[in-house]
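Chain B with the ligands: place on chain A using the hints.
Residues per chain are reported as follows:
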Amino acid sequence: MTGTTRHTLSVLVENKPGVLQRVSGLFARRGFNIDSLAVGPTEDPNLSRMTIVVHAENTPLEQISKQLHKLVNIIKIQDLDPADMVDRELVLFKVNAPAAVRAELIELANIFRARIIDVGRNSLTIEATGTTDKLQAMEDLLRGYGIRELARTGKIALARGSKENG
Amino acid sequence: MTMNGAEALVGALEEEGVDVMFGYPGGVVLPIYDAIMDSKQLDHILVRHEQGATHAADGYARVTGRPGVVLVTSGPGATNTVTGIANAHMDSIPMVVFTGQVATHVIGTDAFQESDITGITLPITKHNYLVKDVRELPEVVKEAFHVATTGRPGPVLVDLPVDVAKGAIDFRYPEQVNLPGYRPTYKGHAKQVKQAADLLMRAKKPLLYAGGGVLSSGAWKELKELAELMQLPVTTTMMGKGAFPEEHHLYIGMPGMHGAKYTNYAITETDLLFAVGVRFDDRVTGKLASFATKSKVVHIDIDPAEIGKNRPVDVPIVGDAKHVLGAVVDELRKRSAEPRTEKWMRVIDDWRDRFPLHYPEGEGDEVMPEHVVERINALTRDRDTVIATEVGQNQMWACQYYRLQNPRRWASSGGLGTMGFGLPAAIGAQAGLKDSLVVDIAGDGSFQMVSQELATARVHDLPVKVVILNNGYLGMVRQWQELFYDRRYSQSVLGQDVPDFVKLAEAYDCLGLRVTSPEQLDGALTAAFEHEGPAVVDCRVTREENVFPMVAPGGSIDEMLGGIPGGPVSEMLDDELLEEVWE
Ligand SMILES: Cc1ncc(C[n+]2csc(CCOP(=O)(O)OP(=O)(O)O)c2C)c(N)n1
Ligand SMILES: [Mg+2]
Numbered sequence: 001m002t003g004t005t006r007h008t009l010s011v012l013v014e015n016k017p018g019v020l021q022r023v024s025g026l027f028a029r030r031g032f033n034i035d036s037l038a039v040g041p042t043e044d045p046n047l048s049r050m051t052i053v054v055h056a057e058n059t060p061l062e063q064i065s066k067q068l069h070k071l072v073n074i075i076k077i078q079d080l081d082p083a084d085m086v087d088r089e090l091v092l093f094k095v096n097a098p099a100a101v102r103a104e105l106i107e108l109a110n111i112f113r114a115r116i117i118d119v120g121r122n123s124l125t126i127e128a129t130g131t132t133d134k135l136q137a138m139e140d141l142l143r144g145y146g147i148r149e150l151a152r153t154g155k156i157a158l159a160r161g162s163k164e165n166g
Numbered sequence: 001m002t003m004n005g006a007e008a009l010v011g012a013l014e015e016e017g018v019d020v021m022f023g024y025p026g027g028v029v030l031p032i033y034d035a036i037m038d039s040k041q042l043d044h045i046l047v048r049h050e051q052g053a054t055h056a057a058d059g060y061a062r063v064t065g066r067p068g069v070v071l072v073t074s075g076p077g078a079t080n081t082v083t084g085i086a087n088a089h090m091d092s093i094p095m096v097v098f099t100g101q102v103a104t105h106v107i108g109t110d111a112f113q114e115s116d117i118t119g120i121t122l123p124i125t126k127h128n129y130l131v132k133d134v135r136e137l138p139e140v141v142k143e144a145f146h147v148a149t150t151g152r153p154g155p156v157l158v159d160l161p162v163d164v165a166k167g168a169i170d171f172r173y174p175e176q177v178n179l180p181g182y183r184p185t186y187k188g189h190a191k192q193v194k195q196a197a198d199l200l201m202r203a204k205k206p207l208l209y210a211g212g213g214v215l216s217s218g219a220w221k222e223l224k225e226l227a228e229l230m231q232l233p234v235t236t237t238m239m240g241k242g243a244f245p246e247e248h249h250l251y252i253g254m255p256g257m258h259g260a261k262y263t264n265y266a267i268t269e270t271d272l273l274f275a276v277g278v279r280f281d282d283r284v285t286g287k288l289a290s291f292a293t294k295s296k297v298v299h300i301d302i303d304p305a306e307i308g309k310n311r312p313v314d315v316p317i318v319g320d321a322k323h324v325l326g327a328v329v330d331e332l333r334k335r336s337a338e339p340r341t342e343k344w345m346r347v348i349d350d351w352r353d354r355f356p357l358h359y360p361e362g363e364g365d366e367v368m369p370e371h372v373v374e375r376i377n378a379l380t381r382d383r384d385t386v387i388a389t390e391v392g393q394n395q396m397w398a399c400q401y402y403r404l405q406n407p408r409r410w411a412s413s414g415g416l417g418t419m420g421f422g423l424p425a426a427i428g429a430q431a432g433l434k435d436s437l438v439v440d441i442a443g444d445g446s447f448q449m450v451s452q453e454l455a456t457a458r459v460h461d462l463p464v465k466v467v468i469l470n471n472g473y474l475g476m477v478r479q480w481q482e483l484f485y486d487r488r489y490s491q492s493v494l495g496q497d498v499p500d501f502v503k504l505a506e507a508y509d510c511l512g513l514r515v516t517s518p519e520q521l522d523g524a525l526t527a528a529f530e531h532e533g534p535a536v537v538d539c540r541v542t543r544e545e546n547v548f549p550m551v552a553p554g555g556s557i558d559e560m561l562g563g564i565p566g567g568p569v570s571e572m573l574d575d576e577l578l579e580e581v582w583e
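Chains A and B, in that order, are what the protein sequence lines are. Going by the numbering used here, the first residue of the first sequence is number 1, and it counts up by one from there. Going by the numbering used here, the first residue of the second sequence is number 1, and it counts up by one from there.
Calculated from the structure, these hints are not laboratory results. Computed from a predicted model, the values in this text were never measured in an experiment. Glycine included, C-beta positions come from ideal geometry on N, C-alpha and C. Some hints here could point you the wrong way.
Partial list, derived from the structure: chain A residues whose beta carbon lies under 10 Å from chain B [said to hold, decoys possible]:
1) P17
2) Q21
3) G25
4) N46
5) T59
6) K70
7) V72
8) N73
9) I74
Extracted from the complex, chain A is given alone in its bound form (with noise of 0.2 Å):
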């Protein structure tokens, strides 16, 4: 990873049939990986927000978004500043949990606000929210108990308040 930084884009795009795959193919093509890539509606019906995450050094980020631009159904891109915008991301585990060590999971699970969503007899599902640093550490820690499956959504993003321009 060297010389290159994390970048999350948040991609305003017009809610039509395709878009996803021009977006996801524009990435591929030109040699970049994308980290995560959420997506889904917005306050407008017709517009839907994508939430990419990629490393990548500045000018070829520049180069792939100058591309993504020129994208018909792409609105607004915004290479959000990781010190002025707002990130979560949910994560699901189903973590081994034999009677021994379930109270000291559900201990563990409160420090991080998460949740136990469903139970089941040698295990549980944890539900959790955050950055992906908090997310990553919390991943750290069950490991030890032994992960039997693991779902994230990849981060949704927003620019702080302060960043409205109208």
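Below, chain B with the ligands without anything else, positioned relative to chain A:
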């Protein structure tokens, strides 16, 4: 008015002013083919392969400046257009391709002749559409033409399921498009325009580097004004050929891999590269790290993504070449700017005298391919002539030795380098310019990729002339094998005799002529050009001639193989003239 989707499509095409389309029918487009029969405005040219339809539409667009229009069926009809679409995409040619599609309710079921053509062409179109409801059709067609022809032009594909073509619609063509995410910038930023003018007034060794963008924007008049006002030498890329008259004293040739030495020396020495509608392609720049290193760069382009892509820029100007060049000229006039390139031009002229393009004289009956191009040039220079080319040595010799005097009279595959482009492109050009002479300078290999289109030319009375520089080789491949692979001619040998191009021409009821010695050349070319129908001239040229000079792949452009001996530009700086300018 209530009609079906196919009739609405024809109505929309008429509204767009389309006069001719290139295509090939099949099952799912039958409703559309039925509808076009009743149009008084729309002509349809039936090609012999769908790739030909896209190249023809491309050639039509290059010479008329209007979008080329294609209609083909689903599945194989659609996939056959892929090369032509990719070609137009690489060269920023406006084109709208209509493909038939299986009915909406069977899409996704691997129905007969179904192919995901919007998926396939996603990376090679400017934009594409799958129309799922006939009510969207007028709006989609309007958008397709708008997107194809505005900003940086390019191909747009519209996929039309058969039930959409048959569906009923109350047709009204929209007047405007609603594309919130698509707003090309036309006007250059005033501050940047001033900065560009500042640099031009200060430069001692400026150079205009103009490309296809000048042609698509229609900016050749402004380019000439600027060049003449400041007495700037001009180099045009292969895509920009014709943007500046080549017999003009300020014209200094094509840059790059097969550019003249003097052109590449000038680029290497310039202190201001004024780039318009170009993309610093690797065939132009060679090794980027040593390209125009002494120079500041002004880059004008309507596509912001091109600016700074390959080469950092001092003054970026996003905008339409015509607007921006016009603004720069106005700014310079306002300041009563004076040219100061007299010495610089003398340096370039000196290089031009010492390192002209040059080829060996043939021995005995040998026909030199460069000579053929020179004779085509001489015999056509007083007529309105379009030159199309194939790809390979033939194309490079056409670039070097055909001295194009007019804009939009050139159709050659640039970015994709598509063999088999020339003949169908010539046919399309001829369909757009009925009164012009259209000549395809061809290679024997390339021509065989599309020779069936002679039938199209003959049947539609499009009297294109194909002049084959028949060397019996995939000549450019052979040249690289000679130079870089120890003369091991792996799979590049075609032989000159099969097929017999004269008989082939005759089979298509075209004029076929053969040239085997220089004395026959003018007679055959003249006969072909005077012939009322299409003609093929099989010029048996000397077989192992190379295109020189040449920058080795990845090399610096001032270090060229072949041509008149002359080292890198640093060694060419010994004369007094240079020192004066260099101070
Ligand atoms: C469709 C396609 N296939 C392969 C190539 C690679 N290629 C570039 S030049 C060339 C040889 C062209 O031969 P010919 O048309 O006889 O032209 P010449 O170089 O002999 O003038 C080839 C095979 C290409 N450009 N396009
Ligand atoms: Mg050949």
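Original post:
Going back to the hint list, which numbers does this structure go against?
Top reply: none
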